[in-house]
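Student: Chains as they are written, first to last, in the numbering used here: chain P, 1 to 338; chain H, 339 to 676; chain A, 677 to 1014; chain V, 1015 to 1352.
By construction, these hints were calculated from the structure, which means they are not laboratory data. Where is the CB? At the ideal position from N, CA and C, for every residue including glycine. Among the hints, a few may not be true.
Selected chain A positions facing chain V (in silico; Cβ < 10 Å) [said to hold, decoys possible]:
| id | residue |
| --- | --- |
| 1 | A908 |
| 2 | T956 |
| 3 | K1009 |
| 4 | W1010 |
There are 4 protein chains.
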Amino acid sequence: MQNLNWERSDLIDESDEVVLHQTREQKQTLEQSSGIQVEDRNAGRVKITDVQVNGEGEKQIGKKQGQYITLSVPTLTLEDKDGFQQLEKALLTNFKKLHESIAWKDDDKILIIGLGNRTITPDAIGPYLIDHLHSLEQIDDKFVMYAPGVTGQTGYETGEFVAALAERIKPKLIIVVDALATRASSRLCKTVQLTDTGIHPGSGVGNQRQEISFEMLGVPVTAIGIPTVVDAPVLIADAVELMLRSIAARVAERGKPSSKLSLSSWQPDTNKELDMSLITPIFGEWATWSKEERQQLFEETFAASHSQLMVTPKEADYWIDKYATLISSMLTKWASEL
Amino acid sequence: MQNLNWERSDLIDESDEVVLHQTREQKQTLEQSSGIQVEDRNAGRVKITDVQVNGEGEKQIGKKQGQYITLSVPTLTLEDKDGFQQLEKALLTNFKKLHESIAWKDDDKILIIGLGNRTITPDAIGPYLIDHLHSLEQIDDKFVMYAPGVTGQTGYETGEFVAALAERIKPKLIIVVDALATRASSRLCKTVQLTDTGIHPGSGVGNQRQEISFEMLGVPVTAIGIPTVVDAPVLIADAVELMLRSIAARVAERGKPSSKLSLSSWQPDTNKELDMSLITPIFGEWATWSKEERQQLFEETFAASHSQLMVTPKEADYWIDKYATLISSMLTKWASEL
Amino acid sequence: MQNLNWERSDLIDESDEVVLHQTREQKQTLEQSSGIQVEDRNAGRVKITDVQVNGEGEKQIGKKQGQYITLSVPTLTLEDKDGFQQLEKALLTNFKKLHESIAWKDDDKILIIGLGNRTITPDAIGPYLIDHLHSLEQIDDKFVMYAPGVTGQTGYETGEFVAALAERIKPKLIIVVDALATRASSRLCKTVQLTDTGIHPGSGVGNQRQEISFEMLGVPVTAIGIPTVVDAPVLIADAVELMLRSIAARVAERGKPSSKLSLSSWQPDTNKELDMSLITPIFGEWATWSKEERQQLFEETFAASHSQLMVTPKEADYWIDKYATLISSMLTKWASEL
Amino acid sequence: MQNLNWERSDLIDESDEVVLHQTREQKQTLEQSSGIQVEDRNAGRVKITDVQVNGEGEKQIGKKQGQYITLSVPTLTLEDKDGFQQLEKALLTNFKKLHESIAWKDDDKILIIGLGNRTITPDAIGPYLIDHLHSLEQIDDKFVMYAPGVTGQTGYETGEFVAALAERIKPKLIIVVDALATRASSRLCKTVQLTDTGIHPGSGVGNQRQEISFEMLGVPVTAIGIPTVVDAPVLIADAVELMLRSIAARVAERGKPSSKLSLSSWQPDTNKELDMSLITPIFGEWATWSKEERQQLFEETFAASHSQLMVTPKEADYWIDKYATLISSMLTKWASEL
């Protein structure tokens, strides 16, 4: 029995810099000052955010230089066939565009790596994708596919595994599929992130997993990530923030504080500037702290216990299966036209 | 694809009445007034709580009349062989005692039902137990074993399934093994609850799962439950409570409020009476609310979204496997001596 | 670990009486004398044999009174989409016809039982079917579905399990899906047998599995069987028979015996009357024995060892999956029109 | 869906040269003339055959130069704990001896490869071994472990996969575990073969799988093989041979031919010289052919059909599990003492 190495590649558009610059002007400022270019688009029900990080941006936000495309269907449910179809279509379009500069030859190989731990439901999306590809009647003969398992199980670094195959196979492209952690529980299983920067641990200490990237392997690496878990302290801080903002917004609207509110179905605009001091009578000075300050407080309080917990949708198994099917279908369509 | 019916049989010793009466005197009062008898014991590292609920108690706390034995090893970790051994030993002792009044005949059958959904890791403990029993070299010929799956998968009520088998097999005893939800994230995968009351939905509306109990089936039903998940709103309220109490305790101790505290490793006695008003300057009047009031606020805020989330240990798969092995071993030893 | 109960429900059209009466006149004689009515049809590439056994027939051939419909695509391969589609279509047509006399009410239930052992590939077709039905987006709410596992695993007779559910659910119809043994290796995974007689052990001694049938349960039982294995002695006798007939046919044709023949691609008509004495110079008097006499000799020789062996297609896993998909699809279409 | 590459590495001691030289004198002759040295030993109930093939021997029998150790417990059954223990002990002793010349350093790695197809029961022994090793509480940190799957599933040669890892990891030793085909159905799941020659396709045409050997990888490769299947034509020829020899032996003994014999439990010495002409009255000249001539006849007759069939024990899943446990245990003990 070994430690679990949960993938911790947060979504780019949850970086503080990206989140905090919401208006057009703020974005221009962001771009000029920090080397990060953000652009929002829609394709039907799919919200797409393109983030371009250059060398300067990499220093600023600790996210690697390159292109990040985030596709979300905020209202997606398991039964929403239309939503999944729109998501697959938009993913295919953007996947094509991301790779259109590659000049394919007949015997070029594509190495597809399904990361993650098959026995932990929300981490199993990579292995499930490989299973789905295996079960196809016709497998594209460009594909070489593996689910390497996690380091604890195999006795070997996943990054080294991929490097070993890349050296020998010399693929034209490596595609890495992985479950991600998100900071926003509302985005769980409703978002796909594409990036040409590969898989890379953040600037945090202690993470010894090797990077899987062009820089390490000499081969372009595209990562497809689906957020399937939130850490417990993140969820808690997130929840407190949402609760406080909901009440502040309501108080602002109604012009009257109330000690015990029923919020039910009413949902405030979470990005609006709010005067949090309106609710200090009930929630104290704490209400005016930033979300990050509160999260730090929770992390300190629960250092020992809650960091071992993960938060995931109750129907995680069905979501994982849907995404494995969707990505398998998208990759097959894309490859058939190369 | 069908809805998931997560088992919601909360632990008896998380009932407010049980929790709030901690001292010997309080317990006596509780017993006299409400028909609930609580007794704490230790068996090595295993903390054991016996709760006896009579007819009066059932009305008071909505927990069914009968005996509840909760066994916990608060410091249990996955690598802690000694802890698991002590837990298995204590479980066996108490399991024997719970069934000592049964007069076994040679051809008596014991129906073992592993509840839960195999594809959701923290809910898979029942099916995994049945797998473990199947893989034994020697299966006790008293045992009849099934993992019925969840209603959505089979098109049929689990309770009806058990009733159908009970009618035909006429077992002397039914043992039902199930994953439970807990209110205390610190107890996840560190506790086992034994009860002779079977499996029974709470007083909550909308739960159409049938009870599995002596009253329904005419056969004694023993339930073995292991808490493997916490609901997200429960976790959040729990976390806020713990955070506020930690700070209040610290403030009380140091005699000085501080706006941004480092709490790190210091852990307060969570049951101590605390003057929460000490921290209202920072946290507002809200700090003086009861945990339940705060939880209700979170539940209202997140009605739509977070109720679909579950919180579970990151290494849930290993925990599940450990408990399936432990219970399989305990049941086999117990049955071999009948 | 327990004994394996491989299903031994041979195909009806492999009964000697059915096999030996090939011409129209022979069939009429068979019908009059023995109460067995045989009719061959074709539906595109699907060969269909209808066998009707009455009370007299049951005594004659030891096959239960009732209707048996065998559908075969002799040239079926794993890649043959058209073949599988034709087979599904013909199966649906015949399945409808077999049940057209049932008058369905709104809340009638259909109990679907997937027999067999999930861990033995060629025996896993029943459990795989149930898995396939589970994974459907929309499950017909008439369906109640279980894969009961094998007696050794559960400590309980499969027949008793089905009886228990039937008593409680009171279904309008029970559908049992199972892997079968065949005598003809060429039919492995290329044939489906439908029958309204349920599952019933032959007249052989020692088989203690309970019958699953209308007579036992008071509910109509339709069995869908797919031959996926041959017993080793059957295969050997079959092979020797085919070899001897091939050579005899060739000798007859060429008019000259030859001591060491190359038979390669040439395939004789296996049903033609052949003068086996032509090959006694090489193969001895033995060549003139009946296939059954030779099989008995092999069974005696290998009593101990080879009876523990089974013969199955190398790609059994893919075949099983194909049939689980086909039957799941057929049942769903059929039920949607009730 | 892809073609299945069943491993075809026959057991060394089924080579004609090894089989036919049974006496001490014959063995000496074999050694001198053909470069093959054969030695039989016993360790309790375990029969051990050491075969040493040199360069000359490799040319003679088409088996690669090196050492082959075959361990068998002819009377092994699934319930035979003593037999499995003796087999594990003898395997460990011989495994140690085979590797005693390796001088281990602290950070040396051992690459363990579990070959085979997880979804085909008798081919799953390699993947099951890797699963067993994963599930151990303590995994030796020398081990790097993978079950690469089959070429059709991954789009990549298994040999290339191992080569890729070997190049990068630079292990001190590669251990390859695989299911084998045998010619003797009586040896199925009762034999383990150790060899330092790795995995190498025979001289047969059409097999494009790469060799996994010291010569290819520059690293010592030890293969552990367990025979779990027989090809259908091999089984048939084997069965006919056994039947004919049984009858001939009996006739010789009783001195009287009989047209329809009951052979039941009596088992002849299969290696004894027999006068097969005794049974030509019944079985013709064919009885005097060599087994190989008969097998060729069957292979020609069944070229199309039966070559797609495999013969395997009915309880293959339990056998596979037993061997995965045994080898996992043996490897762990061995590595713990390095």
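Student: Look at each hint and say if it fits the structure.
Tutor: These are the hints, each one checked on the structure:
A cut of 10 Å between beta carbons decides the hint on A908(A): the least distance to chain V is about 6 Å, and the hint holds. A distance limit of 10 Å between C-beta atoms decides the matter here; for T956(A) the minimum to chain V is near 6 Å, and the interface restraint holds. Restraint check, K1009(A) versus chain V: the minimum CB separation of about 24 Å is more than 10 Å; hint violated. The beta carbon of W1010(A) is not positioned within 10 Å of any beta carbon in chain V (closest approach about 27 Å), and the interface hint is therefore violated.
Figure legend: structure checked against the earlier numbered hints; hints not met, in rising order: 3 and 4.
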